[in-house]
Amino acid sequence: MVEYVQYIETLIWVLIKIFLILIPLILGVAYLMYAERKVVGYMQCRIGPNRVGIWGLLQPIADVIKLLCKEIIIPSVSSRYLFIIAPVLTIAPALAAWAVIPFSPHLVLANINAGLLYLFAMSSLGVYGILVAGWASNSKYAFLGAMRSAAQTISYEIAMGFAFVGVLMASGSLNLQDIVLRQQGGIWHWFWLPLLPLFLVYWISGVAETNRAPFDVAEGESEIVAGFHVEYSGITFAIFFLAEYANMILVSTIAALLFLGGWLSPFEGIPVLGHLFAWVPGIAWLLLKTCCFLFLYLWMRATFPRYRYDQIMRLGWKILIPVTLVWLTVLGLAIEFHLKPWFG
Amino acid sequence: MLIENLIFITFAVTLIASAVMVVFGQHPVRCALFLVLAFFAAAGLWLILEAEFLALVLILVYVGAVMTLFLFVIMTLSIDFEKMKQSFLRYYVPLGVILVCGLVTLMFYITSHAHADLIKLIPMQHVPADYSNTKALGGVLYTTYAFALEVAGVLLLAAIVAAISLCVRDVVDSKSQRVDEQIAIQPKDRIKIVKM
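For the protein sequence lines, the chains are E and F, in the order given. Anchor point for the first sequence: position 5 equals 283 in our numbering, and the numbering is continuous, going up by one each time. Anchor point for the second sequence: position 8 equals 438 in our numbering, and the numbering is continuous, going up by one each time.
This is chain F alone, in the form it adopts within the complex (with noise of 0.2 Å):
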């Protein structure tokens, strides 16, 4: 058990040191990559939960493909960041510690033991090796939950639209490459031979 513990304290002090890090970072490339950590601690600890198919899902989304694209629209920014932080600790960091208080407040009133019954501890079911909960989440959300999920499929599809139509709203005189044209081209469409 103690290895368990140990491996469970490091994770869960990286999450924790990483995550305080993206608040508190000099840069926000730096934020970023802080944020990749705490995605990775909370991967790791969702594998000693023996949750694999959820932990590898975490770091192949969010990790490979959501924060790349955020660093990549980071790193391309040019914001006076020393001006933007002044204002957000003028006006943002007030409303930040009255949230965290309340958010305090509603854990330790929670997990207070007037209501001990309300939050009951079920001791974690061990699975023998060969058991794939892959196939068991498969299992699960194409019959129990296939109406939520094609839901949630179709508003994904709604969002894909229209960030694709924001984006492509004033480009009407833009210039694109028709590649069959390109390809249809032929010498003596661009060359004159002149016989001398």
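Just chain E, same shape as in the assembly (with noise of 0.2 Å):
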């Protein structure tokens, strides 16, 4: 009986902990969205939303409820059941990749020893609720949309693959918490520098996994319409919305962890800066670092026009792969004879 008890206590911790990273990080989605509304308005020369609530900070919230009140539409000759998993296929992966994100030293959901494959595993799941979407709704602009994404994600996330393994490489474990802890030691021993080439690969496949601009062409709005969402409408096309942009967050978070030393503070080894910020908690480096990130992801979003498809195809294929490769080659050598700083 006493077995019982504990096993409802452990589920409804667990529960708690998973409504705790939920919660920020739905609002963090909507308040992304309003982010980069006004970001991409003052870099066009435009002021952004600004009639609901000061500054219209209350937009967001706007747009959902008038999302969550439409009408949900579904096309006549679609596959109803898969139509309406789509989203929920979408979603999922988005979500549960954050159970293994550590956010401070002891901040964790699950620690498990496999957790940059875990976060793999779940990054290349995202495709499949676009392939389902692009299918169910029978229609050409979504079935074109579809195809688009899954050939792009599968080009790209080898070259993601290789990135992660340059990370494990240079930590010498899949453990998220060990990665960063392998990164101690300031800004100089954080791995955006012995991995540099695999940093920017990391992040030219993170924005082409998560279908953001320039590598948009799953949604191309001037060619396809609105690519594989077309024939969506209300609650069902917010949750597309919803895990592209709970996908920009992650695949983010994911960039500050491996590559700019998560939770650890860059002022840490200065002899007067390290101690004036030692008070800092981790969680706020880790999303500062994101926060810059996403910044990125708007900025490149505002800077740089559609890339052409066979332009996708090439620069993942013939550019980042070989680039991965050959740096991949330079680690093993600078881990076999001990580089220092980084492998001493």
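Quick caveat, the hints were computed from the structure, so don't treat them as lab data. This structure is a prediction, so every number in the text was calculated from the model and none was measured. Note that CB positions come from ideal geometry on N, CA and C, so glycine has one too.
Across the chosen pairs, the derived CB separations fall in these ranges: (1) E:Asn328 - F:Val450: 54 to 60 Å; (2) E:Trp557 - F:Ala593: 56 to 62 Å; (3) F:Leu579 - E:Ser500: 43 to 49 Å; (4) E:Ile352 - F:Ser606: 37 to 43 Å; (5) F:Leu507 - E:Gly622: 53 to 59 Å; (6) F:Thr535 - E:Ile351: 51 to 57 Å; (7) F:Leu499 - E:Thr607: 24 to 30 Å.
Relying on the hints, combine the two individually framed chains into one complex.
Written as structure tokens, this is what we have:
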């Protein structure tokens, strides 16, 4: 009997922790949308949303209420169950991946040994929602979007996987906490420097995996209307949106964890500044680094024109993958000869 | 133990049910999606056996890459599946039934008491939480089985080369883009300014 009480207690604790991660995440998604509209607006000499609340701060909430109240239209010859399941398939891996993200040395839902592998497995599942949505809609535009997205994700996953292999080699662990702790010792010890090419490759393929500009051919509103979610309306559309932004935050957080030292302070080891900023909690640094990457997402969207489909494939297969292969060799040599200060 | 049994039963039932649906599904795309579900359930079972590396790699490789490509191909096919199914029913079902009967007999024969000493059920060894089976697998794979691993790698490389050479057999006159030339182009190569 005592055993079952313990099981239930653990279950309730896990549920509470899940809510503690998910609620800030969903709020973050809402305000990332707001930030995107504001940032891109200012970059294009507009002021963005400014009507709902002060500085338009309630705009995302108004948007959510609007989408919740809208009718869900299911195309007549679509395959109904798959059409409904597709948004769920998109959002589930985007949220599940957060289980292994360490926010500070002791703040993690599941500290598992194969954390990096788990993250990679989850990020490779996101494409199913898009594929299923495109096929189940029974629309040519949606189908084209799904096909493009599938080909793109498969191609960039390989480059991303090799970037992860580099991190694995440098840290000697798949555990995300170990990876962060391995980067201790200040800004020059973070992996961005010894793994610079892999860092760039990871970031580019991360942007491509989330189907964001300049790799947003899956949506391509000027060619195929809205791509895979052209037939979706109301809350089903909102879920696709939520998943896309949750994935953006996820990719940014992983970049911060793997290459920018996660929750470690950038002033570590610097005489005066190190002491001055010692009180800042680790999670604040992680959030700050994540926000830098999120801003980069918005900046790239406002700056770069969309890649042509064949250019995307060329970049992925002929440039990014060879770069990672070369750098893995270099990294292997550096580790073998204990190159200081990273692998000494 | 009860909770673990419940989890096992959930995954096992899901695995068998989705495997059945792969065979009897109405449309190939749905069959492929049920296969994905089957892989998931199998990965869940492996996780219960504390083989987290294998479980995650199963999801990563089969669900994340292989099945995506499968779906990619199946979705673009336009075949009359009803017609295909008819000939399938006529020729392959009897063969399949015979094969399944043979397999089931074999399994009963092996697991019967007469051969109890052949299969020794080893109780699962629980390992401490900091045990990394990724490391353990790597340690064995690159030392004891290094040669076998190399052979497998060479075989896969041969398969890749074969697949590509089969694909590009007859595209000698196909059009392709030369990116270097495209980038090197100057406005004066394309535009002729006429002074009026």
